[in-house]
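> Please take these sequences and the hints and turn them into a complete structure.
Below are the chains, spelled out letter by letter.
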Amino acid sequence: MNLLRLALVFGKIGAVVFGGGFVMIPFIQREVVQHYGWLTQQQFVDAIALGQITPGPILISATFIGYKVQGLTGAVVATLAVFLPSFLMTALAARQMMRLRRNPRVGGFIRGVLPAVVAMLLVAAITIARSTVWFDWRLLLLMVVALILLVRYKVDAVYVVVGSGIAGFLLEC
Amino acid sequence: MPDRDVAPDIVPETPCPSRPSLPALAQVMLKVGATGFGMGMVGVLQQEVVTRRSWLTQEEFADGLALANLLPGPIAVDVAVYVGYRLRGWIGATLCLLALLVPAFVIMLGLTIAYLRYGQVPQLHGAFKGLNAAVIALVLSVAYRIGKSSLKSAAQAALAAVALVAAFLHANLVVLVLACGLVGALFLSSRPKTVMP
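Chain order of the listed sequences is A and B. For the first sequence, position 88 matches number 88 in the working numbering, and the numbering has no gaps at all. For the second sequence, position 158 matches number 158 in the working numbering, and the numbering has no gaps at all.
A couple of the hints might just be wrong.
For lysine-lysine, the following DSS-like pairs were computed, each having C-alpha atoms within a straight-line distance of at most 25 angstroms [said to hold, decoys possible]:
| no. | chain 1 | residue 1 | chain 2 | residue 2 |
| --- | --- | --- | --- | --- |
| 1 | B | Lys152 | A | Lys68 |
| 2 | B | Lys31 | A | Lys154 |
| 3 | A | Lys68 | A | Lys154 |
| 4 | A | Lys154 | B | Lys152 |
Reference listing, derived: stretches of chain A covered by chain B, where coverage requires no fewer than 3 residues with Cβ under 8 angstroms from a Cβ of chain B [to be verified]:
| no. | region |
| --- | --- |
| 5 | 84-92 |
| 6 | 137-147 |
| 7 | 158-167 |
Calculated directly from the structure, the hints in this document are not laboratory data. Here a beta-carbon is modelled for each residue, glycine too, at the ideal position from N, C-alpha and C.
Shown next, in the form of structure tokens:
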């Protein structure tokens, strides 16, 4: 039962992550943390961080969640389910490539989706912040520094994540 | 597995200089999956498939990238599936997806097991707090990147504002995404050029 639900939840998320893997964050937060309670807020954030320091797509965080819910089988099911929709759509669309790209409605759809994605990411960031760094000015400062490094200096996300972990460790000592 | 580098039945109009064998394809995808991080995978993929092996031309690869931007899913995974499909059909697409995911899956599984066993060690609490800060910064940086390239008209900014309120009020996110897409398909198809300052 859990396995079926896991497959459905991750299949649904995989079908709507327009704009890249990071877009899964608002969905996972809503479904996996708030609705089903499969992970605590902290475990969810850690799953994202681990997904970031693992090579490969960030969506691989699904492996973490699947494992937490149902062990190895859960990990396999969640991982395959989250990648299946985009796999099918991409392979099918590869044949229709030119027709799809020339269709103005498709372009319009994406132009409409991306503003929603931006809004959802902002809400997700605020939700995560409220449960974590909001009350600690040192962590807020760390967050701002990380943001500047990412946006202004285009530092690779892997280094930012590892560096922040080390900084947090040192702050606590 | 037999190594079939030259396929005589290849369609002549496919501008594909060499059709790779399945093991060769899998090998490249394993490498991309093991050495690329997030969007960085696209760069590694391009290097391997276009620059080093000339399996696809630059234009064909760019087509895949454009397609990946239209479809849901991680860009790099979509591009890998596209490459696999273009080169070896459904089998190639499936193989590329799986080979790309195997390194990440194995590493993530190991990290997960270690995390669930040792994550509660008090000495690590600080480190995880630091990770929180990094994840928030990452989410904001992605929002900034997508926002910069997509909020180009007043209509799109308004759509983002409406979506922001809806998301705050706990609207169903799937419905929200599809509704905004529908609004876009109906009203933003003609690519308005009212660029905001």
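> Work down the list of hints and note, for each, if the structure agrees.
Each hint tested on the structure:
{"no.": "1", "hint": "B/Lys152 to A/Lys68", "in the structure": "41 angstroms, violated"}
{"no.": "2", "hint": "B/Lys31 to A/Lys154", "in the structure": "24 angstroms, holds"}
{"no.": "3", "hint": "A/Lys68 to A/Lys154", "in the structure": "33 angstroms, violated"}
{"no.": "4", "hint": "A/Lys154 to B/Lys152", "in the structure": "22 angstroms, holds"}
{"no.": "5", "hint": "84-92", "in the structure": "holds (count 6)"}
{"no.": "6", "hint": "137-147", "in the structure": "holds (count 7)"}
{"no.": "7", "hint": "158-167", "in the structure": "holds (count 8)"}
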